[in-house]
Structures are given as C-alpha cells and as structure tokens.
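In order, the protein sequences belong to chains A and B. Each step along the first sequence adds one to the number in our numbering, with nothing skipped, and position 212 is 809. Each step along the second sequence adds one to the number in our numbering, with nothing skipped, and position 104 is 174.
Hints are supplied without guarantee of correctness; some may be wrong.
Stated by the list, open to error - Chain B regions said to be covered by chain A (calculated; three or more residues, Cβ under 8 Å):
id: 1; region: 215–228
id: 2; region: 333–345
id: 3; region: 408–419
Said to hold, decoys possible - Derived Cβ-Cβ restraints for the label pairs, each shown as a range:
id: 4; chain 1: B; residue 1: Gly379; chain 2: A; residue 2: Arg783; range: 25 to 31 Å
id: 5; chain 1: B; residue 1: Ser97; chain 2: A; residue 2: Glu647; range: 54 to 60 Å
id: 6; chain 1: A; residue 1: Ser795; chain 2: B; residue 2: Met117; range: 51 to 57 Å
id: 7; chain 1: B; residue 1: Glu287; chain 2: A; residue 2: Arg684; range: 33 to 39 Å
id: 8; chain 1: A; residue 1: Lys614; chain 2: B; residue 2: Met117; range: 55 to 61 Å
id: 9; chain 1: B; residue 1: Lys381; chain 2: A; residue 2: Pro830; range: 35 to 41 Å
id: 10; chain 1: A; residue 1: Ile623; chain 2: B; residue 2: Ile485; range: 41 to 47 Å
id: 11; chain 1: A; residue 1: Ser629; chain 2: B; residue 2: Arg486; range: 19 to 25 Å
id: 12; chain 1: B; residue 1: Thr333; chain 2: A; residue 2: Arg684; range: 51 to 57 Å
id: 13; chain 1: B; residue 1: Leu246; chain 2: A; residue 2: Lys790; range: 53 to 59 Å
id: 14; chain 1: B; residue 1: Ala346; chain 2: A; residue 2: Pro828; range: 45 to 51 Å
id: 15; chain 1: A; residue 1: Ala829; chain 2: B; residue 2: Gly113; range: 20 to 26 Å
FYI, nobody ran anything at the bench for these hints, they're computed from the structure. Note that beta-carbon positions come from the ideal geometry of N, C-alpha and C, so glycine has one too.
These are the residues of each chain, in order.
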Amino acid sequence: MNIIVLVKQVPDTSEVKINRETNTLIRDGVPSIINPFDLYALEEALRLREQHGGKVTAVTMGPPQAAEALKEAVAMGVDEVVLFSDRAFAGADTWATSYTLAQGIKKIGSYDLVIAGKQAIDGDTAQVGPETADMLGIPFIAYIKKITAIADGKMTVERMMDDGYDVVESSLPALITVVKEINQPRLPSLKGKMKAKSLKVTTLTAKDIGADENMLGLKGSPTKVVRIFPPAPRGQREILSGTIEQQVEQVVKKLKEQSLI
Amino acid sequence: MFHDETCIMDPASFINKELPVSVQVISNTCTGCETCVSACPFGAIEMRDGKAFITESCTLCGACIEACEFKAIERTGEEAVAAAKDLSAFKGVWVFAEQHKGGISSVALELLGEGRKLADKRHAKLSAVFIGHGIKDKAKDLIAYGADVVYLADDPALKDFNDDSYSAVLTTLATLHKPEIILAGATAIGRSFIPKVAAKLYTGLTADCTVLDIDPETGNLHQTRPAFGGNIMATIVSPNHRPQMATVRHKVMKPAPRNDARTGDIIDVKFAQTGAVRTRVIKTVEELGETVNICEANIIVAGGRGMGGVKNFHLLEELAKVLGGAVAATRGAVDEGWIPYSHQVGQTGKTVCPKLYIACGISGAIQHVAGMQSSDVIVAINKDPDAPIFSVATYGIVGDVLEVLPAMIKKFKEIRG
Numbered sequence: 598m599n600i601i602v603l604v605k606q607v608p609d610t611s612e613v614k615i616n617r618e619t620n621t622l623i624r625d626g627v628p629s630i631i632n633p634f635d636l637y638a639l640e641e642a643l644r645l646r647e648q649h650g651g652k653v654t655a656v657t658m659g660p661p662q663a664a665e666a667l668k669e670a671v672a673m674g675v676d677e678v679v680l681f682s683d684r685a686f687a688g689a690d691t692w693a694t695s696y697t698l699a700q701g702i703k704k705i706g707s708y709d710l711v712i713a714g715k716q717a718i719d720g721d722t723a724q725v726g727p728e729t730a731d732m733l734g735i736p737f738i739a740y741i742k743k744i745t746a747i748a749d750g751k752m753t754v755e756r757m758m759d760d761g762y763d764v765v766e767s768s769l770p771a772l773i774t775v776v777k778e779i780n781q782p783r784l785p786s787l788k789g790k791m792k793a794k795s796l797k798v799t800t801l802t803a804k805d806i807g808a809d810e811n812m813l814g815l816k817g818s819p820t821k822v823v824r825i826f827p828p829a830p831r832g833q834r835e836i837l838s839g840t841i842e843q844q845v846e847q848v849v850k851k852l853k854e855q856s857l858i
Numbered sequence: 071m072f073h074d075e076t077c078i079m080d081p082a083s084f085i086n087k088e089l090p091v092s093v094q095v096i097s098n099t100c101t102g103c104e105t106c107v108s109a110c111p112f113g114a115i116e117m118r119d120g121k122a123f124i125t126e127s128c129t130l131c132g133a134c135i136e137a138c139e140f141k142a143i144e145r146t147g148e149e150a151v152a153a154a155k156d157l158s159a160f161k162g163v164w165v166f167a168e169q170h171k172g173g174i175s176s177v178a179l180e181l182l183g184e185g186r187k188l189a190d191k192r193h194a195k196l197s198a199v200f201i202g203h204g205i206k207d208k209a210k211d212l213i214a215y216g217a218d219v220v221y222l223a224d225d226p227a228l229k230d231f232n233d234d235s236y237s238a239v240l241t242t243l244a245t246l247h248k249p250e251i252i253l254a255g256a257t258a259i260g261r262s263f264i265p266k267v268a269a270k271l272y273t274g275l276t277a278d279c280t281v282l283d284i285d286p287e288t289g290n291l292h293q294t295r296p297a298f299g300g301n302i303m304a305t306i307v308s309p310n311h312r313p314q315m316a317t318v319r320h321k322v323m324k325p326a327p328r329n330d331a332r333t334g335d336i337i338d339v340k341f342a343q344t345g346a347v348r349t350r351v352i353k354t355v356e357e358l359g360e361t362v363n364i365c366e367a368n369i370i371v372a373g374g375r376g377m378g379g380v381k382n383f384h385l386l387e388e389l390a391k392v393l394g395g396a397v398a399a400t401r402g403a404v405d406e407g408w409i410p411y412s413h414q415v416g417q418t419g420k421t422v423c424p425k426l427y428i429a430c431g432i433s434g435a436i437q438h439v440a441g442m443q444s445s446d447v448i449v450a451i452n453k454d455p456d457a458p459i460f461s462v463a464t465y466g467i468v469g470d471v472l473e474v475l476p477a478m479i480k481k482f483k484e485i486r487g
C-alpha cells in the first residue's frame with residue numbers, strides 16, 4: 598500500500614521567547630524541527646509498510662530549507678520525499694497550504710492513505726489535514742489513536758473524542774490525522790542518516806503541480822494577520838508564605854471572597 | 071437537501087480574483103534605522119542598499135508599520151480590493167450548535183451568547199445550525215439562549231457525528247443562505263469538520279479564538295487567537311471572503327441567560343443521502359464515565375510528576391470531589407501511566423480555561439502552561455519557590471504537595487460542611 602505523510606518544519610515553540618521590550622518573537626537560535634505530531638504520522642506509515650508492504654512518501658510545503666525536515670523523515674526510513682517549494686507559496690494560510698498540498702499529492706499520483714499529525718505546534722490550527730482531505734475529495738478522520746484493521750479498500754480506526762473514542766470504518770483512500778497515543782516514534786537509523794545525507798530532495802514548483810496561482814500563498818489566502826502582540830500578562834500574582842496551614846488558610850479565604858468555591 | 075458525498079465541490083468555482091495587497095517601504099522616506107527589522111515577528115525585513123526591504127516571508131501583519139517612526143512603510147491595495155468585492159450579500163451570524171446524545175453542548179450556548187452580541191452590533195439575525203437525531207424538542211432551547219432562527223437537521227443518518235454528512239449539511243445551508251459569520255466550538259467534532267466547510271466555501275477559518283469583535287462598518291470579524299504555543303497573540307481577519315469562520319474553545323465566551331419568553335423560527339432541513347456512505351461510526355466508547363470532561367469543568371485539580379506516583383493521585387480525586395471539579399494531569403504524569411491521556415492538559419493534550427485551576431506538583435513547563443494559562447484563577451502548589459508555574463499562578467503555595475493537599479481538603483470540607 599502506498600502512503601503519503603504530510604510533514605511540516607516548525608520552530609521549536611518551547612524555545613521561542615518574547616522580547617518584552619520590543620514585543621516581538623526572539624527567533625535567533627530557535628531550532629527548526631519536524632512538527633512533533635508528524636513523527637507519529639511517519640512512524641505509523643512505516644509500521645503499515647512493514648505489515649502490508651508498499652511505499653511511504655513524505656511531503657512538505659516550505660522554503661528550500663524545509664528539505665531538512667524531509668531528510669529527517671528519510672533517516673527514519675521513508676522511501677521517497679517531495680518538497681513543494683516556490684516563492685508563490687509564501688505567506689499561505691491553512692486554505693492556500695491545503696490547496697498546494699492537495700495539488701501536489703494529485704501530481705504524485707496514486708495512494709491508499711494520507712497521514713498527518715493532529716496539528717502543527719506553531720499554528721496549532723489542526724485545519725490543514727481536513728482541508729486537504731476535502732480538496733482531494735477523500736474521507737477524513739481526525740485524532741486517530743489506533744488503526745485496528747486495513748484490508749479490502751477499507752480501514753477501521755479508533756478516533757479520540759472529547760469524552761472517549763469512536764470506532765470508525767472508512768473506505769480508502771482516506772486522510773487521517775494521528776495523536777501521540779498511536780505509537781512511539783522510532784529514532785533515525787544510521788543507515789537512514791547516511792541515505793539522507795546524500796539525498797537530493799525532489800522539488801516541485803507551482804507550475805509543476807499545475808496550481809492556479811491565484812489560490813497560492815498570500816494571494817490565495819482568505820485570512821490576513823492584521824496584528825501581532827504579546828499575551829496580556831496575568832493579573833496580580835501572590836506567592837504566599839508561612840506554614841502550610843497558614844498558606845492554605847489564606848488561599849481558601851481568597852477563593853471564597855471571589856465566590857470560586 | 072441535495073447531498074452527494076462523492077461530489078466534492080471544485081474549490082476553483084468559488085474563486086474571487088483578488089487584487090494584490092502588499093506592505094511596501096517608501097524608499098525616499100526610509101532612513102535605514104533598522105527599527106522595522108527587529109520589530110518584524112517573522113524575520114521578513116532585510117536591509118538592502120541601506121534601506122529596508124520586505125521579503126516574501128511578509129504576512130501583512132503590520133507590525134513594521136506601527137514600529138516605523140518615519141511613516142516610511144505603508145500597506146497598499148486594500149481599498150482597491152474592498153471596492154472590487156460585493157460582500158453585502160452575506161448577512162447574519164450563525165452558530166453550529168453541537169449536541170451529544172441530544173444534550174446541547176455548553177460551548178454552543180456560550181457561542182450563542184457571543185453570537186448574539188455580534189449580531190446585535192450588525193443589526194442582524196442570529197441563527198443556530200442544529201444537527202443530529204431525536205433533537206427536535208431541544209431546538210426551542212437554542213432560541214431561549216439567543217437564536218432567532220434554528221436550522222434543524224434531524225435525521226437518523228445524522229445520529230452519529232460524521233465528517234462528510236455534517237459538513238455537507240452546513241456547507242449546503244451556508245451556500246443557500248449566505249451568513250456573514252459562522253462560529254463553532256473548538257471541540258473534537260468542531261475541529262474535525264468545520265475546516266472541511268471552510269475548504270469548500272473557499273473562506274477563512276481561524277481556530278481557537280479567544281476574542282471576537284466586529285467592525286460595525288465593514289463587518290470584518292477581528293479574530294484574536296494565541297499562536298506559537300501561547301507565546302504570542304495574533305488578530306486575524308478575512309477581509310475579502312465570506313462567511314468568516316471561527317472556532318472557540320469551551321469556557322472562553324459567556325452564555326446569555328436563558329429566556330423562555332424569546333421567540334424564533336425553527337426551520338426543518340431535509341437530509342438526503344444520495345452518494346455512497348464513505349465513513350461510519352461502528353461503536354462509541356465513553357471513557358470518562360462518571361467524571362467530568364475537563365474542557366467543560368469549572369474547577370480543575372491537576373497533578374504533575376511532583377505528585378510522586380499514582381498512589382498519591384487519590385488526593386487530587388478527593389479534592390476535586392469536594393470542589394465538584396475534574397482531575398487533570400501533565401504529560402509527565404500521563405506518560406508515567408498514572409492517569410489516562412484524556413485527562414492531559416497542555417500542548418499535546420487539551421486546552422482548558424476553568425474558573426479555578428489548582429496545579430499540584432507541576433513545575434510549569436511551557437507546553438503545560440500553554441494548555442491552562444487562560445484559567446481565571448490559578449493556584450500553584452510546589453515545594454520549589456523558583457518553579458516556573460509560579461510565574462502564571464494567581465496564588466502560590468510553597469510547600470510539599472503531599473502535605474498541602476490534605477490540609478486543603480480538610481479546610482474545604484469544613485467550609486462545605
């Protein structure tokens with residue numbers, strides 16, 4: 598079975614800090630990583646290949662340096678990678694990103710399953726998966742914690758819900774997004790790293806994927822960011838002191854005053 | 071209603087040709103001071119020949135326009151774009167009213183409260199889209215909470231949540247009636263199928279908004295949301311596309327008080343399955359059982375690795391029980407296997423905003439803080455006075471959580487009698 602995995606290169610948000618004087622993100626020295634949720638998607642694809650045979654292709658949309666994320670995927674064991682990169686893609690929101698990915702996937706050709714992480718940690722929107730599925734015209738199922746069966750053009754999965762999970766059956770091809778419960782991603786192998794090192798990443802441009810330029814990048818994006826600002830600092834903070842009994846007493850009194858309890 | 075699951079609308083049919091909008095540097099006025107270079111949150115400005123140059127990484131956020139003391143950066147093309155579009159055909163505010171087994175989700179009532187305010191500012195109607203089976207008698211409740219119109223799609227085929235059928239209903243209704251705004255809960259269901267609706271309608275969707283405001287003149291919805299793990303807030307608009315779509319988490323908005331004297335229209339929506347059913351729910355398993363969904367809880371008692379082991383989690387449960395709250399945990403505690411993943415708060419778990427969050431033995435890693443920092447009041451208990459959790463705490467108790475919790479439980483029990 599042929600599987601396509603959507604990956605994204607993101608800044609490690611745990612390393613992002615705000616300069617409180619200029620109210621801007623400090624990006625210097627912030628490492629770029631594969632979106633952590635995408636590692637679960639890659640792992641699941643590799644496991645499915647081990648069980649059912651076939652091929653795993655990792656794709657991403659991004660600037661030329663996003664090829665690094667694809668090389669990491671190769672080091673983990675994926676067979677092929679494709680980078681969608683073009684100046685026309687810059688500034689894309691989730692709609693234009695999904696359009697680009699959908700066009701690119703159509704170009705790559707036949708596949709049985711597309712897997713992505715549940716969301717990317719920089720934007721946290723969780724929108725590109727479902728939007729891409731819709732543009733590909735294939736079923737979408739979010740928050741998969743387990744693939745229980747795949748056979749005869751169908752699969753059965755467990756989908757996390759707010760209060761438990763659903764067992765869902767879907768026809769293939771389909772696009773799913775996965776949560777961290779699904780597996781434990783493997784580390785890159787030495788052999789994989791060697792392969793990644795010498796790899797020349799295939800790059801497709803807007804023209805290559807037959808995209809309508811009006812639907813790409815900033816121009817094709819319905820949403821526009823009009824303002825960026827730091828979150829309001831939390832109100833007054835009070836670190837209490839005294840014995841534990843005294844501190845507990847003070848907190849309970851304050852919560853009671855605010856009718857919180 | 072016509073519904074064909076194999077028929078996916080071609081996004082190209084929705085396209086509106088746009089005039090380009092850009093942010094430009096007026097080179098005569100630019101002094102080369104480089105203030106804008108450091109002000110740009112996206113690293114999109116470079117110095118070329120002693121002048122600022124805006125690269126293609128620009129997202130049009132406008133931070134540089136505000137930062138430039140010399141008014142040497144301007145936004146161009148916007149007026150031309152606005153004039154080229156007729157957005158006036160889109161009217162009214164819609165709320166996707168999520169339900170579970172016929173019970174209206176609390177986030178739906180909160181969105182009706184917020185939607186009412188937005189609709190009133192635009193002198194427009196507020197409508198609820200209510201999808202499920204056996205839910206007819208609940209439709210009037212949506213009116214009592216602020217809706218003027220309820221689109222009721224009640225059909226056995228809609229009993230279980232299904233991305234295809236739910237998005238088909240909402241997309242078809244929105245295409246027919248052209249709402250200006252569609253709001254939905256940022257729940258597992260909302261985050262799953264709402265993007266499909268936005269994809270089909272070729273319109274903007276903003277996830278997890280914390281503040282919504284409308285420009286009474288243009289009707290532009292100013293949608294503010296956290297990004298970069300809560301490190302930064304962004305305000306987003308979809309100036310040239312309608313409907314404007316946004317999801318909002320539980321507890322962020324306030325419901326309007328119930329008013330049974332309110333009147334409104336309930337419109338029956340027929341659902342017809344014409345295409346093949348591509349996905350179906352075989353079984354639904356509820357894991358939380360008796361306990362409260364942490365997203366909906368007003369009070370959360372959360373534990374981290376500092377709890378020292380699963381043997382001490384009963385303290386969290388006991389405190390939660392006394393307060394009528396829910397138990398949550400950090401990724402660390404979940405990874406240790408002390409509590410199921412459905413209780414995890416943080417970037418890889420759920421985002422919560424209860425009225426009261428009691429963080430017990432939690433150090434305050436940024437990934438956890440991202441999931442709970444919008445709580446109204448945060449009480450942190452940690453024996454390390456330098457733990458980062460204290461920087462977001464409203465009240466901090468410095469002490470061993472295994473001593474503090476029993477004292478707290480005792481005290482609350484006294485109060486509650």
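Hints versus structure:
Counting residues of the region 215–228 of chain B whose C-beta lies closer than 8 Å to any C-beta of chain A gives 0; at least three are required, and the coverage claim is violated. With 0 residues bearing a CB less than 8 Å from a CB of chain A, the region 333–345 of chain B misses the requirement of three and the coverage assertion fails. Given as covered by chain A, the region 408–419 of chain B passes the check, having 4 residues with a CB less than 8 Å from a CB of that chain where 3 are the minimum. Take B:Gly379 and A:Arg783: their Cβ atoms lie about 29 Å apart, and the range 25 to 31 Å holds.
Taking the beta carbon of each, B:Ser97 and A:Glu647 are about 58 Å apart, inside 54 to 60 Å as hinted. About 36 Å separates the C-beta atoms of A:Ser795 and B:Met117, a value inconsistent with the hinted range of 51 to 57 Å. For B:Glu287 and A:Arg684, the Cβ-Cβ distance of about 35 Å falls inside the hinted range of 33 to 39 Å, so the restraint holds. Evaluation of the 55 to 61 Å hint for A:Lys614 and B:Met117 yields a failure: the beta carbon distance comes to about 24 Å.
The hinted window of 35 to 41 Å between B:Lys381 and A:Pro830 holds, with their beta carbons roughly 37 Å apart. For the hinted restraint 41 to 47 Å between A:Ile623 and B:Ile485, the CB-CB distance of approximately 45 Å keeps it satisfied. Between A:Ser629 and B:Arg486 the beta carbons are some 51 Å apart, a value that contradicts the proposed interval 19 to 25 Å. Judged by the Cβ atoms, the range 51 to 57 Å given for B:Thr333 and A:Arg684 holds: they are separated by roughly 55 Å.
Distance hint check for B:Leu246 and A:Lys790: the Cβ-Cβ separation is about 55 Å, which falls inside the suggested range of 53 to 59 Å. Checked against the given bound of 45 to 51 Å, the beta carbons of B:Ala346 and A:Pro828, roughly 46 Å apart, stay inside it. For the pair A:Ala829 and B:Gly113, the supplied restraint of 20 to 26 Å holds, since their beta-carbon distance comes to about 25 Å.
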